[in-house]
Amino acid sequence: MNAAARFHPNLPARHRRARWGLVLFQSATLFGIVVLMALLYNIVNGAFGLAAVRYRIYPGDLGLDLTTITALPPEQLRGLLAAYLSPGQLRTLEREKPLDQRSADELARLVVERVLRPKVLDTWPLVPSLLHTREIVAEVQQKYPDAEVRWMAWFNQRFLSRPQSSDPIRAGVRTAILGSLWLVGIAALTALPLGVAAAIYLEEYARRDRWFNRLIQTNINNLAGVPSIIYGILGLAIFVRALEPVTSGALFGAVPEGVTANGRTVLSGGLTLGLLVLPIVIINAQEAIRAVPASLREAAYALGATKWQVIWHHVLPNALAGIMTGTILALSRALGETAPLVVVGASTFITFDPTSPFSKFTALPIQIYQWTARPQPVFRNLAAAASIALLVMLFVLNGTAVYIRYRARRSQRW
Amino acid sequence: MSDAAPALEIRNLNVYYGDFHAVRDVSLTFPRNKITAIIGPSGCGKSTVLRSINRMNDLIPNVRIEGQVLFEGKNIYDPDVDPVEVRRRIGMVFQKPNPFPKSIYENVAWGVRINGFRGSKAELDALVEEALRGAALWDEVKDKLHQSGLSLSGGQQQRLCIARAIAVRPEIILMDEPASALDPIATLRIEDLMRDLAREYTIIVVTHNMQQAARVSDYTAFFSTDETRTGHLVEFGPTEQIFTNPKDPRTEAYITGRFG
Numbered sequence: 001m002n003a004a005a006r007f008h009p010n011l012p013a014r015h016r017r018a019r020w021g022l023v024l025f026q027s028a029t030l031f032g033i034v035v036l037m038a039l040l041y042n043i044v045n046g047a048f049g050l051a052a053v054r055y056r057i058y059p060g061d062l063g064l065d066l067t068t069i070t071a072l073p074p075e076q077l078r079g080l081l082a083a084y085l086s087p088g089q090l091r092t093l094e095r096e097k098p099l100d101q102r103s104a105d106e107l108a109r110l111v112v113e114r115v116l117r118p119k120v121l122d123t124w125p126l127v128p129s130l131l132h133t134r135e136i137v138a139e140v141q142q143k144y145p146d147a148e149v150r151w152m153a154w155f156n157q158r159f160l161s162r163p164q165s166s167d168p169i170r171a172g173v174r175t176a177i178l179g180s181l182w183l184v185g186i187a188a189l190t191a192l193p194l195g196v197a198a199a200i201y202l203e204e205y206a207r208r209d210r211w212f213n214r215l216i217q218t219n220i221n222n223l224a225g226v227p228s229i230i231y232g233i234l235g236l237a238i239f240v241r242a243l244e245p246v247t248s249g250a251l252f253g254a255v256p257e258g259v260t261a262n263g264r265t266v267l268s269g270g271l272t273l274g275l276l277v278l279p280i281v282i283i284n285a286q287e288a289i290r291a292v293p294a295s296l297r298e299a300a301y302a303l304g305a306t307k308w309q310v311i312w313h314h315v316l317p318n319a320l321a322g323i324m325t326g327t328i329l330a331l332s333r334a335l336g337e338t339a340p341l342v343v344v345g346a347s348t349f350i351t352f353d354p355t356s357p358f359s360k361f362t363a364l365p366i367q368i369y370q371w372t373a374r375p376q377p378v379f380r381n382l383a384a385a386a387s388i389a390l391l392v393m394l395f396v397l398n399g400t401a402v403y404i405r406y407r408a409r410r411s412q413r414w
Numbered sequence: 001m002s003d004a005a006p007a008l009e010i011r012n013l014n015v016y017y018g019d020f021h022a023v024r025d026v027s028l029t030f031p032r033n034k035i036t037a038i039i040g041p042s043g044c045g046k047s048t049v050l051r052s053i054n055r056m057n058d059l060i061p062n063v064r065i066e067g068q069v070l071f072e073g074k075n076i077y078d079p080d081v082d083p084v085e086v087r088r089r090i091g092m093v094f095q096k097p098n099p100f101p102k103s104i105y106e107n108v109a110w111g112v113r114i115n116g117f118r119g120s121k122a123e124l125d126a127l128v129e130e131a132l133r134g135a136a137l138w139d140e141v142k143d144k145l146h147q148s149g150l151s152l153s154g155g156q157q158q159r160l161c162i163a164r165a166i167a168v169r170p171e172i173i174l175m176d177e178p179a180s181a182l183d184p185i186a187t188l189r190i191e192d193l194m195r196d197l198a199r200e201y202t203i204i205v206v207t208h209n210m211q212q213a214a215r216v217s218d219y220t221a222f223f224s225t226d227e228t229r230t231g232h233l234v235e236f237g238p239t240e241q242i243f244t245n246p247k248d249p250r251t252e253a254y255i256t257g258r259f260g
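These protein sequence lines are chains A and B, in that order. Everything in the first sequence is counted per our numbering, starting at 1 for the first residue and increasing by one. Everything in the second sequence is counted per our numbering, starting at 1 for the first residue and increasing by one.
There could be a bad hint or two in this list.
To be verified - Taking lysine-lysine and the BS3-like style, the derived pairs with C-alpha atoms no more than 27 Å apart in a straight line are:
id, chain 1, residue 1, chain 2, residue 2
1, B, K102, B, K144
2, A, K307, B, K74
3, A, K97, A, K119
4, B, K102, B, K142
5, B, K144, B, K74
6, B, K121, A, K307
7, B, K96, B, K121
8, A, K143, A, K119
9, B, K121, B, K102
10, B, K102, A, K307
11, A, K307, B, K96
12, B, K144, B, K121
Treat the hints as calculated values from the structure; they're not laboratory data.
Extracted from the complex, chain A is given alone in its bound form (with noise of 0.2 Å):
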């Protein structure tokens, strides 16, 4: 018989398992385009919206207008806060700094702040705002006659560039920002170099026929799998109770004034991030130098080059832009990382910028995490504009990675 005769080719039955295949896939990725598209959703329904405004003195009552309150002469301004506050809050505010000297700025942020006094009483998310604008107006006057409607944007530059306070309206995210950048950069120059010697020594020097070579690299996929918490709690012991003294910047004589001289800095929060990263930036540098082809390195041996030439010469300038594109994109994940900076001792509550790798330090996650359990609604609007703070730094991040990668595709061919 022939063989040919044998074959059951059935082939409608083939294309039609290979359709649904098809499907499977497409539905896939449908469904991951959906989640993430209701996570953006839900960000920005809650970073921008109406809300229920209430004034213990209104802007209009006094023919002040909120926008162009800051180009008021001093005088006037001056004039409105003596009117309003008691002889002992202005003696208060004098002996802080004269009024005389404040700018125009800081003076009309006083009278928002002491003699207007406005109090977000209630927030709805963008859509509802939008689509029952009225209905909100009219539930607004009905529970708070004295309040006034606004439209909130609470994600805007005033929020980006003001530190953090528990008025909601005057809360600001400048603080986690410049805090989530402190540690991204202590996480990277600890990780990168660290990582890099590590990935060079394991795939260049280390004989993979050693046990303990083996239980070394079986022990950083490990290490790159375990729960951030836990990094956090080796943070604490390593950098914030036993070496205190490094840390808090005590040892150099270096603690910046009204910070307490413990270790719960900035330098221990980006030490403890950098550790977190660093099995995934070995990982991923070994990788990097592993996709050197073995070809490049034999030509430069054959040369008479010695190990430390074909390392720096070849294996490193070729395996740059991968190194690069892991790092940044472990890096991404740990400007996202809560738990380790918690335990770490993150502050939830801080007004002034970190200055020093020995100042204390908030972080965006730790912000967004904060306000996230506060009772009134209104944290939730700042927490979802945080979440937008963060999401564009991560995306800033994981660009340059992909134009990086571009970049290097680009310039080379084996």
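Given the coordinates of chain A, assemble chain B onto it according to the supplied hints.
Chain B alone, transformed into the frame defined by chain A:
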């Protein structure tokens, strides 16, 4: 055989990869300024022997080498011999062209520089030109020295690799199937180049291509495997004798195409 002192001599070479005995008891003498071809079926240890000559096998974990490779009367496996120096003096060209992802100029100049070249830019330029001329590539690339070496065609890339190898002034050039990844025209150019280079260098070439061995080499070593897949030398002699009047029946069977 040449009367002059041989360029290199292998004595009782045995190579093991872990437990696998890859090459057994090879003894060979490579005459100076001649081309010696190593031919044989796949897996007979041709490349292993070649890579033992400039200690490239050291880079492979688990490899064990016994026996001697005498270069200028000195065993290159003696503990006081630095493999880095050996590889500078015994250059190598690989099967697949592997220029560095750098400019044509840098491809040639790099090896010179890392070997501690102390000279002016003009001297280095002259050295690069000389090497590229030596590899019959100068006329094709003199106007684009600063373009990437990877922008060249396969045959040009291989000649660039040869230029790179001769730029560090080796005494012996090892070639591991240097034309097997090239088209017939590029192959012929490489073969012509090998004949030119043989005036100054001793060349040892591994090849799968028997016509190539017959065309280009002065001496031929035929390797084969035994039943344990261990490679060994079957016959060595002047190329003409190996191809017209082999002494060993296995050589005859191979060159007439009856196996391998």
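Here's how the hints hold up against the structure:
1. K102(B) - K144(B): holds, 13 Å
2. K307(A) - K74(B): holds, 24 Å
3. K97(A) - K119(A): Within the cut-off at roughly 26 Å; holds.
4. K102(B) - K142(B): holds, 16 Å
5. K144(B) - K74(B): violated, 42 Å
6. K121(B) - K307(A): holds, 26 Å
7. K96(B) - K121(B): Distance ~31 Å between K96(B) and K121(B) Cα, so the pair is violated.
8. K143(A) - K119(A): Roughly 15 Å between the alpha carbons, so the hint for K143(A) and K119(A) holds.
9. K121(B) - K102(B): holds, 18 Å
10. K102(B) - K307(A): At roughly 19 Å apart (the allowed maximum being 27 Å), K307(A) and K102(B) satisfy the hint.
11. K307(A) - K96(B): The hint holds at about 22 Å.
12. K144(B) - K121(B): Holds. K144(B) to K121(B) sits at ~18 Å (cutoff 27 Å).
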